[in-house]
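For the protein sequence lines, the chains are A and B, in the order given.
Under UniProt numbering, think of the first position of the first sequence as 1, with each following residue one higher.
Under UniProt numbering, think of the first position of the second sequence as 1, with each following residue one higher.
Simulated from the structure, these hints should not be mistaken for lab results.
Warning: the hint list may mix true and false statements.
As the list claims (entries may be wrong) - Pairs of lysine to any residue residues, derived as SDA-like cross-links and limited to a Cα-Cα distance of at most 20 angstroms, are as follows:
| # | chain 1 | residue 1 | chain 2 | residue 2 |
| --- | --- | --- | --- | --- |
| 1 | A | 123 | A | 107 |
| 2 | A | 49 | B | 285 |
| 3 | A | 49 | B | 292 |
These numbers come from a predicted model, not from an experiment.
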Amino acid sequence: MSDYRISHIAALEAEAIFIFREVAATCQRPVLLFSGGKDSIVMLHLAQKAFAPAPIPFPVMHVDTGQNFAEVIDYRDRRVAEAGVQLIVASVQDAIDRGMVVEPPDGTRNRIQTPVLLEAAEKYQFDALFGGARRDEEKARAKERVFSFRDDFGQWDPKNQRPELWNLYNGRVHPGEQIRVFPLSNWTELDVWRYIGSEDIPLPEVYFSAERQVVDRGGMLYAVNEFIKPREGEEVFYEKIRYRTVGDANLTAGVRSEATTIDEIIAEVEVTRITERGATRGDDKTSEAAMEDRKREGYF
Amino acid sequence: MTDTLTSREDTHELLRFATAGSVDDGKSTLIGRLLFDSKALFDDQWDAVEAVSAGRGDEYTDLALLTDGLRSEREQGITIDVAYRYFSTPERKFIIADTPGHIQYTRNMVTGASTADLALILVDARKGLVEQSRRHAFLCSLLRVPHIVLCVNKMDLVDYDEAVFKKIENEFAAFATKLEVPDLTVIPVSALKGDNVVNRSENMPWFQGPSLLHHLEKVHIASDRNLVDVRFPVQHVIRPHSNDNHDFRGYAGQIASGVMKPGDEVMVLPSGFTSRIASIETADGPLDEAFPPLSVTVRLEDELDVSRGDMLCRPGNQARVSQDIEAMVCWMDEARPLKLRGKYAVKHTTSDVRAIVKDVQYQLDINTLHRDESATELKLNEIGRVTLRTTKPLLCDDYRRNRATGGFIIIDEADNRTVGAGIIV
Ligand SMILES: Nc1nc2c(ncn2[C@@H]2O[C@H](COP(=O)(O)OP(=O)(O)OP(=O)(O)O)[C@@H](O)[C@H]2O)c(=O)[nH]1
Ligand SMILES: [Mg+2]
Numbered sequence: 001m002s003d004y005r006i007s008h009i010a011a012l013e014a015e016a017i018f019i020f021r022e023v024a025a026t027c028q029r030p031v032l033l034f035s036g037g038k039d040s041i042v043m044l045h046l047a048q049k050a051f052a053p054a055p056i057p058f059p060v061m062h063v064d065t066g067q068n069f070a071e072v073i074d075y076r077d078r079r080v081a082e083a084g085v086q087l088i089v090a091s092v093q094d095a096i097d098r099g100m101v102v103e104p105p106d107g108t109r110n111r112i113q114t115p116v117l118l119e120a121a122e123k124y125q126f127d128a129l130f131g132g133a134r135r136d137e138e139k140a141r142a143k144e145r146v147f148s149f150r151d152d153f154g155q156w157d158p159k160n161q162r163p164e165l166w167n168l169y170n171g172r173v174h175p176g177e178q179i180r181v182f183p184l185s186n187w188t189e190l191d192v193w194r195y196i197g198s199e200d201i202p203l204p205e206v207y208f209s210a211e212r213q214v215v216d217r218g219g220m221l222y223a224v225n226e227f228i229k230p231r232e233g234e235e236v237f238y239e240k241i242r243y244r245t246v247g248d249a250n251l252t253a254g255v256r257s258e259a260t261t262i263d264e265i266i267a268e269v270e271v272t273r274i275t276e277r278g279a280t281r282g283d284d285k286t287s288e289a290a291m292e293d294r295k296r297e298g299y300f
Numbered sequence: 001m002t003d004t005l006t007s008r009e010d011t012h013e014l015l016r017f018a019t020a021g022s023v024d025d026g027k028s029t030l031i032g033r034l035l036f037d038s039k040a041l042f043d044d045q046w047d048a049v050e051a052v053s054a055g056r057g058d059e060y061t062d063l064a065l066l067t068d069g070l071r072s073e074r075e076q077g078i079t080i081d082v083a084y085r086y087f088s089t090p091e092r093k094f095i096i097a098d099t100p101g102h103i104q105y106t107r108n109m110v111t112g113a114s115t116a117d118l119a120l121i122l123v124d125a126r127k128g129l130v131e132q133s134r135r136h137a138f139l140c141s142l143l144r145v146p147h148i149v150l151c152v153n154k155m156d157l158v159d160y161d162e163a164v165f166k167k168i169e170n171e172f173a174a175f176a177t178k179l180e181v182p183d184l185t186v187i188p189v190s191a192l193k194g195d196n197v198v199n200r201s202e203n204m205p206w207f208q209g210p211s212l213l214h215h216l217e218k219v220h221i222a223s224d225r226n227l228v229d230v231r232f233p234v235q236h237v238i239r240p241h242s243n244d245n246h247d248f249r250g251y252a253g254q255i256a257s258g259v260m261k262p263g264d265e266v267m268v269l270p271s272g273f274t275s276r277i278a279s280i281e282t283a284d285g286p287l288d289e290a291f292p293p294l295s296v297t298v299r300l301e302d303e304l305d306v307s308r309g310d311m312l313c314r315p316g317n318q319a320r321v322s323q324d325i326e327a328m329v330c331w332m333d334e335a336r337p338l339k340l341r342g343k344y345a346v347k348h349t350t351s352d353v354r355a356i357v358k359d360v361q362y363q364l365d366i367n368t369l370h371r372d373e374s375a376t377e378l379k380l381n382e383i384g385r386v387t388l389r390t391t392k393p394l395l396c397d398d399y400r401r402n403r404a405t406g407g408f409i410i411i412d413e414a415d416n417r418t419v420g421a422g423i424i425v
């Protein structure tokens, strides 16, 4: 420390903390989106650090597709209780039951999360929504501002983003509009894993490798669970896998891995040749611009 | 095991750099090449780009597709907004902002350059300096990007001719003398073929300098930070209303410049009250000293009235407290120009004020740097010098001395858009 240099991870942490505080100080009703996935776990951790020793001054919200890994939901509830924050659950199942959204024939609920998210934002009048998205995840995300303006319909207009200079973030909105805020914008997957390691942040077990019953779909390994049942003619076998991301249990594939500790995961991520989404997400491949299109509609 | 432990605690220095230069000069291609040749790409990213390129019938895989990720960018073959990319080498960790060259999107270039430690200004060797190269060079100097690298690109299209390179180098050097460019390096490259990007080129034996990546790894940035002037803009007051921490009152913020230690005497601006730093808190425990860019919580020995927008500094080294602000302004709104007597919102450090434009002193011609003193407004992409009167004093420094306390943004109060960037002079 004597030469006044800090590691890049420490610089990223300082930036994220600045962003959390800036929103808390300037926005009326912020909320942190929390799914129990590793990025949102890091977000909650950073939010706690930003306001310590005071509690986090905003609630957290889970847009719950009802297609989660059970263990991740347990983790979510435990963590939220520990942090002493209010948890709001916006339920996609409930929205389907009310007829607000229609479940797609293939049963994937990723896309119908968006109207549920927007409805909840309107109901609670949230003007700033923290998300754990990182720019290294996907090419449309790589283009997005830290403070990303969304209009009355929750839409992102990639051709007309607010300029964002220095660390002078503009969080001003009219009622009905929102800012999506991404404190982890400049983090990479490896940064997140290293940070989890250096901060000793506990994670749900799905992130660690274990022998799991899987099926192979188009080269991706899906663990057999409540949502993934082997199809006609599909072979079920045992494989050591872990999850690099945790999205919906019916959409997220695991990766072959021997890593049972954070250090072992870091060592694997350091040499991996495939991006996190490429290795694990069945939902981004539909078209070249799938993510951009979903973001335009109001998705995270 | 030891290996992973060291990598977990690795202390890579972070270098942020941005591309600049005119449309089609090869900025995105250069970034693609840099990522490709330094093996910073994932296989699936490369496969996706290869497939799109092949599908379009490109002769070779278009490296620019690695950063031009939006639908409209791919349709038009240009960059529209900044793309951020990340990579690291054993030497450093890099954050790249690949910015658009098209004049219509100058505001996005400014966005990318405002936080950069270094700017790569590209020039097409066949075309030499064009107006947009000058505009971007000027903006980089205005934003005081501390290090500039001029990349004379597309050397493959001029037979790797040293004379072409020298001519552009001299032309730029002549223009740069009129600007403030603290550190300039010039490198002949071919982004398409890879010459002098990661590897030294065999096609240009006459060039003795480093490859671009080598320069990015070695350029000295540690002393760019201002560790002299203590400036701590208060962001948020932390007062836990709990029994355990009943008396805790801390001022949260990110250190803009200078080094702070417990026991230091500090002055609160704008009130002028003084106290001493009781402790510098973080969630990981108190610090013996704190410096930029750390985010901390400062506690003072005395109970003073301190709130967001106030600033801690040293009694013998204070920020300026002023409601009359002289600034260079880059206007970024296409709908409405900046107008004499116009009223705007201004965000400066952690403070939000309103301001009126008292005077438009001149508008600058980017090519000649001639000052048009008859101007009364600034239109999209125009740069000029203005005088503002703010409703509350700004706690500021000249931008040239302090990037963190010398810059502000101008916001349209009607639609909340960020419409201007200001640099205090
Ligand atoms: N021959 C040759 N062509 C190049 C070189 N660098 C870029 N190009 C080509 O020049 C064209 C424009 O390249 P881009 O990388 O998209 O240019 P840009 O500067 O990013 O453009 P904007 O972002 O729209 O301002 C593409 O067709 C590239 O293949 C080079 O070194 N040699
Ligand atoms: Mg480009």
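In ascending order, which of the hints set out earlier in this document are inconsistent with the structure?
1
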